[in-house]
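Engineer: So you can see what is in the structure, the chains are spelled out below.
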Amino acid sequence: MTNEFDVIVVGGGHAGCEAAAAAARTGANTLLLTHKIATIGEMSCNPAIGGLGKGHLVREIDALDGLMGRIADKAGIQFRMLNRSKGPAVQGLRTQADRKLYRREMQRELLNYPNLNVIEGGVEDLISDERDGVSSVRGVITGDGVSYYAKAVVLTAGTFLKGLMHVGETKTVGGRVGDPSCEHLSDALRRLGLRVDRLKTGTPARLDGKTIDWSKTREQPGDEDIEPFSFMDDKINVPQVLCHITATNAKTHDVIRANMNRAPLFSGQIKSVGPRYCPSIEDKLVKFAERDSHHVFLEPEGLDDDTIYPNGISTSLPADVQDAFIRTIPGLENVRIIRPGYAIEYDYVDPLEMRRTLETKKVENLFIAGQLNGTTGYEEAGALGLLAGVNAALKAEGKGREFTLDRADAYLGVMIDDLITKGVDEPYRMFTSRAEYRLLLRSDNADMRLTDKGTEIGCVGKERAAAFSEKKRALLEAREKLKKIGGTPKELEKLGFSVNKDGARRDGTDLLAYGEIGWDDLAAVWEELKGTRKDVVEQLEIEAKYKGYLQRQEADIRAFRKDEALIIPKDVDYRKIGGLSNEVVMKLSKVRPETLGAASRISGVTPAAVTAVLGYIKSLKQ
Amino acid sequence: MNDTIFAPATASGKAGVAVIRISGPQAFKVPERMCGIKNPKPRYASRAVIRSLDGTPIDDAIILCFPHPASFTGEDVVELQIHGGRAVTAAILEQLSKIDGLRPAERGEFTRRAVENGKMDLTAAEGLADLVDAETEQQRRQALRQMGGALAEIYEKWRGELVRLLAWQEAYIDFPEEEIPDDVSESIRNKIIDVANEIKHHLDDSRRGERLREGYLIAIIGAPNAGKSSLMNKLAKKDVAIVSSTAGTTRDVIEVRLDLNGYPVVIADTAGLRETEEEIEAEGIRRALAKADEADLVLQVVDASAPGFETEFHDSNKILKIFNKTDIAAVSPTEGFCLSAKTGAGIPELLEYLAKRVEDAVSVREEPSLTRLRHRTALEECVKSLEDSLKASEIELAAEDLRMAMRSLGKITGQVGVEELLDVIFKDFCIGK
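Protein chains in written order, with the numbering used here: chain A, 4 to 625; chain B, 668 to 1100.
No wet-lab data here; the hints were simulated from the structure.
Ideal Cβ placement from N, Cα and C applies to all residues, glycine included.
A couple of the hints might just be wrong.
Stated by the list, open to error - Quick list of in silico lysine-lysine cross-link-like pairs, BS3-like style, CA-CA up to 25 Å:
hint, chain 1, residue 1, chain 2, residue 2
1, B, K901, A, K579
2, B, K1058, A, K89
3, A, K550, B, K1051
4, B, K901, B, K1009
5, A, K425, B, K765
Said to hold, decoys possible - Have a look at the derived ranges for each label pair, beta carbon to beta carbon:
hint, chain 1, residue 1, chain 2, residue 2, range
6, A, Y517, B, H868, 29 to 39 Å
7, A, A516, B, A957, 37 to 47 Å
8, B, E1034, A, R482, 47 to 57 Å
9, A, R555, B, E1034, 27 to 37 Å
10, A, D428, B, S852, 45 to 55 Å
11, B, E942, A, Y517, 51 to 61 Å
12, B, G722, A, E586, 51 to 61 Å
13, A, A507, B, K858, 46 to 56 Å
14, B, K858, A, A516, 21 to 31 Å
15, A, A516, B, H868, 28 to 38 Å
Unchecked claim - Just a few of them, taken from the derived set where beta-carbon distance is under 7 Å, the chain A residues facing chain B:
hint, residue
16, L55
17, N86
18, K89
19, A92
20, V93
21, F434
22, S436
23, G518
24, A547
25, Y552
26, Q554
27, G581
28, I605
29, T609
With the hints as constraints, model all of the structure from the sequences given.
Structural biologist: This is the structure in structure tokens:
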């Protein structure tokens, strides 16, 4: 039978691409079903990959041999390291991406991926059965009535489930401009008992770059010394371009305020919640009424494309109002609007329904990732997709293996834990401040943190595994060298390093901990350090700089992992645990945390309740 | 935690009434099985006969039931007001221990449950313990204030301030392209300095609150036979130390607690100071000097009829010279007090002076005082982290130190979550584009 697979991935967005590739890499015979092959890898909103926290996620995807980092390196037209003036743990790589290049490279990759089949078809229903009261998914049915069967299904339908777009008073059904919505799949999810709710997001108008007066805007150049996303790439071959910045003014705000009654967000037409982090311009005017100007970043959508993405003025105001307010902005007086901005409402599945593997707790073999999980952002989607893909493949394998990451492993682990223990009340976006072990979870060591785990579980290919083991060898060698160099304060003074005259010997790592001493300074004295790989040098410098803080975090992590290791049985009946208030019983029964640590992070669960749960687990074991 | 606990809430011994308290999920089994009361009316005093499990009457009593969460511990609580005889209490406790799921409470377990169930914070619980222990009027005032949340309030205020500062700093880190005013980092620095200074000021209170809680310590020292023990007895108005005219009688430190105008005072009588070869006496002298070091005030007693050996102290501010035996020797000193411990002449003047001095040192002030070493340690940690944060080379390290500072404050009262931070970030800044 040609329509039977190990894993089916529904949706060809950023979550779907990573999920399909990851499942295939992990050894599953995988099918990617998408309503249109031509839009696989489409960047529906801003033409950029990375950013603070998000750049970290891309590196983590890459460390697990995912696609996003390598594709972004092939499509990036302006690379910038954000926060370059701040420390290494909080720097974030971001690139403007050529929309067409990105799509083309992603499609080229997936259409030639071993173990992966790509078929066009819009999925409208799930095939499921029930054994001993437990539902399981067996396959999917497309709108044309074709059935596909698989041992595991990953849904990554983005904003397409009952997508409804708003431009002023006009409402259009669809998952993205020009694309249909998926009207029945969320009903299938509800039928299986999953909690489905509505969220909202938005995008600004697109502008014709030929009609912009660039002389009235400020140039924003990219980095000269470009650092690629992927650990496998050492340089970028795509031509680099400039971005421009302009800003709204009092006139802009007057036009918007005069038409606020026609804004779907405030007229009551849109009821669902959007992300605080990308508010629409009308939202900003209401929340920050005292500000008389907001930045507008004019981002190019491609090398041979004049379309400009005006980052900062996402809106769902009527088209004529958009036209009027955009023309008050310096440089945009005579701009032609290619298409207006819009808001979109869509169905999402409450992430409290997920396990750490992104399988739903209620329905076996069903995995959910991306915006459908209540998140926002390509990078968040890609990372979740990858983890769901690997786990779907492991589920299909049937050996009981699972791939999970915790808060001390990766940003991906932080994100999943936040989603499945706290749920969402707005689309979830990654920030570095969400990671309590931020100094450890860095971009530079994403491979050190994850690649071996990926190799062990089977989602890292041979080529990367080999490259990584060579890097590890080089790192180890350099560490050994650092231990052997150094000297007493007196000896060091003669060599030109001034340190506290306390008589204590300092080795190379100790010296690197001084802000003003870098690798090159050491290499100037100790010849053997010369010729060390750049990425290894960078990592050792950062480790030395953060040393004291990292040691403290490691102690915290040990305590954290102790609670994480206490698994709560799947079928525990919280009503049977004495000493829990009804409220706590309800919360625990809703979230069904998998570990004691996760239980303690649920809001409203008191330390006393956690102790009671611990006592109960222990009594079960005896 | 799923246990139900019980204990007498009143002191043991004969009394008109004794109270037994029961707390936990099985608490309401007690009125049901011992008094025949099912579904008790909340917070209603019912009169009933308490019976043993086999039905024999034990006592005629008042039963009060508090369903969770509106109770002292936040759990189901039952209070039995029984007749306060030893046999009655013992009989009821014995029956309680026979009910399945009930066990005697451990020390402090009721309050601990109240804290764990969020009925009070740690400082309030400590205030409660102090209130129960309060011996003098001023101690009672301080404890009641702490139990009412006065300390928690200032610690929470500082923690709130740090949450806001950290949120600003995080916004600065996470939104580099946003329109965060450039002067933010300078204003964060200044505010960190402000908080650190406020905490230092709070710490720098000469241990006022702790001394009020523990008692103001006055050590009496002096040469053998100078009349130290007689002075102590006069101050304490009862014979506590052995008084004899053989030199070197008080070999260890003897303490009495006094209530001086509502302030708790501990007076310590110590061994006489002199050169000695004898091992036990030398140890007594070492302890006397240690006590003097620890004391808030030292009364150095000098025999006015035979002035001689005197020990010098580093901190002369806390030394008050007492010239004793004015009944047998005339003195006109330029400092200190003249009195006769034997006749009592001069004692009222000394007491009046001491009362004033103690009041100055420990009286309850406008702002609440630190009462425990635990708070002091956490606050000192907090100040250190704040100072580290100001010195940190990178903003993410400064943020990490600020997080530690917040955690130190959290140790005294509560905790901080990431969502709390993000809420502040998005309230204070225009983020997102």
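Engineer: Each of the hints needs a verdict: does it hold here or not?
Structural biologist: Verification of the supplied hints:
Our distance criterion of 25 Å between C-alpha atoms is broken by K901 of chain B and K579 of chain A, whose separation comes to about 65 Å. A hinted pair counts as satisfied when its Cα atoms are at most 25 Å apart, and K1058 of chain B with K89 of chain A qualifies at roughly 15 Å. Distance restraint check for K550 of chain A and K1051 of chain B: the Cα-Cα separation of roughly 19 Å lies within the 25 Å cut-off, and the hinted pair is therefore satisfied. Note on K901 of chain B and K1009 of chain B: the hinted pairing holds, with a Cα-Cα distance of about 8 Å set against a maximum of 25 Å.
For the given pair, K425 of chain A sits about 42 Å from K765 of chain B by alpha-carbon distance, which is inconsistent with the 25 Å threshold. Separation of Y517 of chain A from H868 of chain B is about 35 Å and conforms to the stated range, judged on CB atoms against 29 to 39 Å. The hint said 37 to 47 Å for the Cβ distance between A516 of chain A and A957 of chain B, and at roughly 43 Å that hint holds. Taking 47 to 57 Å as the suggested C-beta distance range, the pair E1034 of chain B and R482 of chain A conforms, at roughly 53 Å.
With their beta carbons about 33 Å apart, R555 of chain A and E1034 of chain B fall inside the hinted range of 27 to 37 Å. The hinted window of 45 to 55 Å between D428 of chain A and S852 of chain B is violated, with their beta carbons roughly 31 Å apart. For the pair E942 of chain B and Y517 of chain A, the supplied restraint of 51 to 61 Å holds, since their beta-carbon distance comes to about 55 Å. As the Cβ distance of G722 of chain B to E586 of chain A is approximately 38 Å, the hint placing it in 51 to 61 Å is violated.
Distance hint check: the CB atoms of A507 of chain A and K858 of chain B are about 36 Å apart, inconsistent with the given range 46 to 56 Å. Range check, K858 of chain B to A516 of chain A: about 29 Å between beta-carbon atoms, so the 21 to 31 Å window is met. The hinted window of 28 to 38 Å between A516 of chain A and H868 of chain B holds, with their beta carbons roughly 34 Å apart. Below 7 Å, beta-carbon pairs count as interface contacts, and L55 of chain A has one with chain B at about 5 Å; its hint therefore holds.
Restraint check, N86 of chain A versus chain B: the minimum CB separation of about 5 Å is within 7 Å; hint holds. Hint on K89 of chain A holds. Least Cβ distance to chain B is approximately 5 Å, under the 7 Å limit. Evaluation of the A92 of chain A hint against chain B yields a held restraint, the C-beta minimum of about 5 Å falling below 7 Å. Below 7 Å, beta-carbon pairs count as interface contacts, and V93 of chain A has one with chain B at about 5 Å; its hint therefore holds.
Against a cut-off of 7 Å between C-beta atoms, the interface hint on F434 of chain A holds, since the closest Cβ of chain B lies about 5 Å away. At its closest, the beta carbon of S436 of chain A sits 4 Å from a beta carbon of chain B; the interface hint therefore holds under the 7 Å criterion. The interface hint given for G518 of chain A is met, as the beta carbon of that residue sits about 5 Å from the closest beta carbon of chain B, less than 7 Å. Hint status for A547 of chain A relative to chain B: violated, with the closest Cβ pair at about 12 Å, above 7 Å.
The interface hint given for Y552 of chain A is met, as the beta carbon of that residue sits about 6 Å from the closest beta carbon of chain B, less than 7 Å. Evaluation of the Q554 of chain A hint against chain B yields a violated restraint, the C-beta minimum of about 12 Å exceeding 7 Å. Contact between G581 of chain A and chain B, as hinted, is supported at the beta carbon level, the nearest pair being about 3 Å apart and thus within 7 Å. The criterion of a C-beta within 7 Å of any C-beta in chain B is not met by I605 of chain A, whose closest approach is roughly 11 Å, and the hint is violated.
The closest approach between the C-beta of T609 of chain A and any C-beta of chain B is roughly 6 Å, which is under the 7 Å cut-off, so the hint is satisfied.
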